[in-house]
Structure formats: structure tokens, C-alpha cells
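Generate the whole structure from the sequences, applying the supplied hints.
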Amino acid sequence: MKVLVVGSGGREHALCWKIAQSPLCGGLWCAPGNAGIADVATCVPIAANDVDGIVRFAKDTGIDFVLVGPEEPLVLGLADRLRDAGVKVFGPSKAAAALEGSKGFMKDAVARFGVPTAAYGRFTDPGKAKDFVRAQGAPIVVKTDGLAAGKGVIICQSVEEAEAAIDDMMVGQRFGAAGTELVIEEFLDGEEASFFALCDGTSAVPLVGVQDHKRAFDGDQGPNTGGMGTYSPAPVLTPELEARIMREIVEPTVRGMATDGKPFNGVLFAGIMVVPGKDGEPVPKLLEFNVRFGDPECQVLMRRLKSDLLPVLVAAAEGKLAGTELEWHDDAALCVVMAAQGYPGDYKKGTEIRGLEQAAEIEEAVVFHAGTKRAEDGRVLATGGRVLGVTAMAKTIIDAQRQAYTAVDLIDWPEGFCRRDIGWRALHRA
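1 is the number of the first residue of the sequence shown in the UniProt record's numbering; add one for each residue after it.
Any given hint could be a false lead.
Claimed, not checked - With a straight-line Cα cutoff of 27 angstroms, these simulated BS3-like cross-link-like pairs (lysine-lysine) come out:
#	residue 1	residue 2
1	Lys151	Lys128
2	Lys18	Lys320
3	Lys214	Lys18
4	Lys2	Lys306
5	Lys130	Lys214
6	Lys320	Lys94
7	Lys59	Lys262
8	Lys306	Lys18
9	Lys285	Lys130
10	Lys320	Lys306
11	Lys88	Lys320
12	Lys151	Lys348
13	Lys18	Lys88
14	Lys151	Lys373
15	Lys349	Lys151
16	Lys214	Lys151
17	Lys373	Lys18
18	Lys214	Lys373
19	Lys2	Lys94
20	Lys349	Lys214
21	Lys348	Lys373
22	Lys262	Lys285
23	Lys59	Lys88
24	Lys262	Lys94
25	Lys320	Lys262
26	Lys59	Lys18
27	Lys373	Lys349
28	Lys285	Lys214
29	Lys151	Lys94
30	Lys214	Lys395
31	Lys285	Lys94
32	Lys151	Lys130
Said to hold, decoys possible - Derived CB-CB ranges, DEER-like:
#	residue 1	residue 2	range
33	Leu381	Thr61	19 to 29 angstroms
34	Arg83	Gln221	39 to 49 angstroms
35	Lys320	Asp52	25 to 35 angstroms
36	Leu326	Ala47	30 to 40 angstroms
37	Glu281	Ala85	43 to 53 angstroms
38	Glu361	Glu281	40 to 50 angstroms
39	Gly222	Asn49	23 to 33 angstroms
Derived from the structure by calculation, the hints contain no laboratory data.
Idealized CB from N, CA, C, for every residue including glycine.
Right, dumping it as C-alpha cells:
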């Protein structure tokens with residue numbers, strides 16, 4: 001098969017790395033890709049959100065199958081356009097991608113489907129939003145309705161902080177059009193985890209659990225980011241809880257979207273908060289849905305996945321997932337994100353990264369690239385906020401952590417930083 005992966009992040013590098021191992025893959029392209037992806041796929045200079053350009057390239061090149069990585073092209077309707085052009089694609093339609101494209105749409109939908117989630121309100125008027133906050137009290141969560149690159153969620157510890165966030169998003173337009181409408185919801189106090197399921201419109205197949213670290217600095221301090229590291233398995237997600245998430249959250253959503261005439265085909269990414277129930281037993285509640293693999297969750301998923309990924313994605317695209325079972329390595333995987341100093345705020349681009357070859361020599365470590373490019377003289381330069389995902393696999397979380405940080409310490413990039421405590425929750429439980 002001729003395969004095209006759309007995107008340029010660590011998620012897409014991990015997906016290309018895995019797909020390239022498939023005996024079904026006869027050719028692999030990535031649009032636009034990055035310096036690391038270029039080692040396993042042919043990169044083509046087409047932006048991920050250039051819907052016309054991607055459709056044209058797929059047709060001209062005779063691409064058999066497209067995997068769309070980021071959310072923006074899905075929300076723009078890339079999957080619909082590819083299907084209309086006769087190209088097989090893994091990714092939801094524009095209508096189904098609204099589960100991530102509009103948090104208000106998602107909350108209204110799951111409320112209809114009976115999915116357990118936080119109480120909420122939707123607002124287009126700053127004054128009414130502030131009235132709601134004053135009535136509810138704090139802590140409270142303020143979210144942009146639209147896409148904000150994973151940064152449009154603010155957990156506010158006081159009413160004043162929430163009012164400032166409302167002004168920042170709606171009046172100051174910090175996130176542009178994404179903040180024209182806000183979703184304000186109840187703060188759920190518990191332990192957060194990421195749960196993924198492959199969907200074909202009617203069936204869903206669960207992946208293994210993952211736990212992410214959203215805050216920028218050690219000890220879960222600092223601003224929210226797109227994710228500073230992940231590990232899998234996630235001890236908080238017991239087999240019983242995973243079965244309950246499928247039964248109470250994923251499957252009702254798949255059924256409900258199909259009933260609404262918006263069948264979901266792709267990967268459904270559920271952000272889960274595990275909270276104590278009435279009798280103290282852990283209860284999963286939905287924070288939000290995303291309609292693509294997480295980044296950096298995808299990195300640890302691809303490291304642990306033993307099955308060939310490509311035929312499973314094709315089965316999902318063809319509506320033939322029922323009965324599929326995936327094989328996973330028993331070993332744990334852990335990913336440490338290296339980001340540019342200043343991220344998630346302003347950061348410098350174009351700084352050189354050295355030592356990547358030495359880091360890749362660490363046993364069971366893979367350095368996935370996110371925001372990189374290769375200069376004409378061969379140097380690898382940082383081009384984004386989150387730049388590398390150093391991912392290791394070992395028998396236990398602590399061993400994977402040790403391997404990952406050994407590789408991190410071999411990378412010579414003074415302008416970068418990372419958290420030094422990825423996996424702390426799992427280690428604390430152990």
C-alpha cells in the first residue's frame with residue numbers, strides 16, 4: 001500500500017515509525033513531516049491544513065490510504081474530501097470531528113448520550129459567563145469552545161481568576177476565534193488519565209491506558225501545555241475501570257453519533273478524570289473528547305503496540321473492526337518531552353540540537369521528533385515549542401524512566417528543557 005500520514009509532530013513521527021514496520025506498507029509519505037520523520041518516510045512540503053493540496057497530492061501520487069494526525073485538518077473536513085475523491089482514510093468526518101472542534105457541541109452531545117461528565121454552561125456573553133461563575137463558585141474550569149492547540153483550558157482557583165480568564169479569552173481574544181464562545185464547567189477533583197479507542201462508525205476497540213503530564217514544570221507546577229510527558233500502562237486505569245469507560249463513555253458515544261447521522265470513524269481520545277464515588281470506589285468521568293491520537297500519548301502507545309498497526313487502521317476505515325484484538329508488549333513505556341525554553345509562552349526558534357545519535361543508542365530508547373527541521377548543512381534545528389519526545393520501554397515504569405532520562409542527558413540542547421519527574425504518580429503508587 002502507498003500510505004500518506006498528515007502532520008508534523010511527535011505523534012506523526014511515532015505513527016510513521018510504526019507504519020514503516022508493516023509488511024503491507026509499500027511506500028510512506030508524510031505531509032509536511034519533520035527532520036525525524038524524514039528518516040522513515042518521504043516528506044512533502046504540504047501543510048497539514050492545506051486540504052486542497054493534500055487531496056491533490058493523494059490523487060496524483062496514487063495514495064491508497066491516508067492517516068490524518070492533527071485535529072485541525074479533520075475539523076476542516078479533510079477526511080470528507082479524501083473519501084469524496086475515492087481515497088481510503090482513517091479519521092472522522094467534519095461533522096463527527098466537532099466532538100473536538102467545539103467543546104459546546106461535545107458537552108451537549110454526551111449529555112444526550114447519558115455519558116457521565118462535569119456539569120457545565122455555554123456562553124457567548126462575558127457578563128453572563130461571569131454571572132455563572134459567581135453562582136457556582138471556585139474552583140471552576142474555563143474552556144475555549146474552539147481549538148486552541150491544547151492550551152485553551154484554565155483551571156481557576158478563585159472567582160476573580162475565572163473572571164480574568166473570561167476577559168482574556170472573550171474580550172482580549174487570547175485564542176482568537178476559538179474563545180468567541182466559552183464552556184465553563186464544574187471542577188472535578190481526582191486523577192486524570194487518557195483513554196483511546198479505535199472506531200469504525202459502529203464498533204470500538206480499546207487501546208491501553210496512558211497518563212499524561214500537562215503542567216510545564218516538575219511537581220505539576222506552571223501553566224498547562226500540550227503535554228510534557230506520558231507513560232503507559234497507567235496504574236489508575238485498572239481493567240475494571242477500562243471496561244467501565246468503554247461501557248459508559250465510549251460505546252454510548254459511538255452509538256449516539258451513529259444515531260445522529262454522524263458516525264465516528266477514527267480514534268476517539270477520552271480525557272478521563274477518575275473521582276471517588278459514593279462508596280469510595282473510583283468512578284470515571286469524561287473531561288473531553290479529542291478525535292485523534294494524543295501527543296505525546298501516541299509515542300508510548302506505538303512503543304507498546306505489538307500488533308501491526310496498518311491493517312487495523314484499514315479495517316477501521318472499512319467498517320470492519322468488529323472482533324479485532326490488539327497485542328501489546330507487557331513492558332512499560334515512558335516519554336519525556338523536551339521543549340524550547342519559554343514554552344508554552346514565547347520561545348526562540350532555530351536553535352541547534354546535538355547528540356541525537358548518541359541518545360538513540362540507548363537500549364530501547366527512540367527519539368521522536370516534533371518541532372524540528374534539518375538545515376542544508378545537516379544540522380537539526382528546533383522549530384516548535386515541544387521539540388522532541390524521548391521514549392523508552394523497559395520492564396517497569398522506573399526502568400523506562402531511567403532509560404529515557406539517560407537518553408535525554410545525552411542530548412546537547414542548551415535552549416531546551418524538560419520535566420525531570422515524568423511518571424511520578426505511577427512510582428508513588430508502586
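These are the hints, each one checked on the structure:
1. Lys151 x Lys128: OK: Lys151 and Lys128 at ~23 angstroms, within 27 angstroms.
2. Lys18 x Lys320: holds (21 angstroms)
3. Lys214 x Lys18: holds (25 angstroms)
4. Lys2 x Lys306: holds (22 angstroms)
5. Lys130 x Lys214: holds (26 angstroms)
6. Lys320 x Lys94: holds (21 angstroms)
7. Lys59 x Lys262: holds (26 angstroms)
8. Lys306 x Lys18: Given pair Lys306, Lys18 holds - Cα atoms ~10 angstroms apart, limit 27 angstroms.
9. Lys285 x Lys130: Holds - the C-alpha atoms of Lys130 and Lys285 are around 25 angstroms apart, at most 27 angstroms.
10. Lys320 x Lys306: The hint holds at about 20 angstroms.
11. Lys88 x Lys320: holds (13 angstroms)
12. Lys151 x Lys348: The given pair, whose Cα atoms are some 19 angstroms apart, holds under the 27 angstroms limit.
13. Lys18 x Lys88: holds (19 angstroms)
14. Lys151 x Lys373: Roughly 24 angstroms separates the two Cα atoms, so the pair holds.
15. Lys349 x Lys151: holds (20 angstroms)
16. Lys214 x Lys151: holds (10 angstroms)
17. Lys373 x Lys18: holds (21 angstroms)
18. Lys214 x Lys373: holds (25 angstroms)
19. Lys2 x Lys94: OK: Lys2 and Lys94 at ~24 angstroms, within 27 angstroms.
20. Lys349 x Lys214: holds (22 angstroms)
21. Lys348 x Lys373: Cα-Cα ~14 angstroms, so holds.
22. Lys262 x Lys285: holds (23 angstroms)
23. Lys59 x Lys88: holds (11 angstroms)
24. Lys262 x Lys94: holds (9 angstroms)
25. Lys320 x Lys262: Cα-Cα ~18 angstroms, so holds.
26. Lys59 x Lys18: holds (24 angstroms)
27. Lys373 x Lys349: Holds - the C-alpha atoms of Lys349 and Lys373 are around 11 angstroms apart, at most 27 angstroms.
28. Lys285 x Lys214: holds (18 angstroms)
29. Lys151 x Lys94: With Cα atoms ~22 angstroms apart, Lys151 and Lys94 stay inside 27 angstroms; holds.
30. Lys214 x Lys395: holds (25 angstroms)
31. Lys285 x Lys94: holds (25 angstroms)
32. Lys151 x Lys130: OK: Lys151 and Lys130 at ~21 angstroms, within 27 angstroms.
33. Leu381 x Thr61: 19 to 29 angstroms: Because 28 angstroms falls inside the window, the suggested range holds.
34. Arg83 x Gln221: 39 to 49 angstroms: About 44 angstroms separates the Cβ atoms of Arg83 and Gln221, which means 39 to 49 angstroms holds.
35. Lys320 x Asp52: 25 to 35 angstroms: Taking Cβ atoms as reference, Lys320 and Asp52 lie about 30 angstroms apart, which means the hint holds.
36. Leu326 x Ala47: 30 to 40 angstroms: At roughly 32 angstroms between Cβ atoms, Ala47 and Leu326 fall inside 30 to 40 angstroms, so the hint holds.
37. Glu281 x Ala85: 43 to 53 angstroms: Given range 43 to 53 angstroms: holds, Cβ gap about 49 angstroms.
38. Glu361 x Glu281: 40 to 50 angstroms: holds (46 angstroms)
39. Gly222 x Asn49: 23 to 33 angstroms: holds (29 angstroms)
Going through the hint list in order, the structure satisfies each hint without exception.
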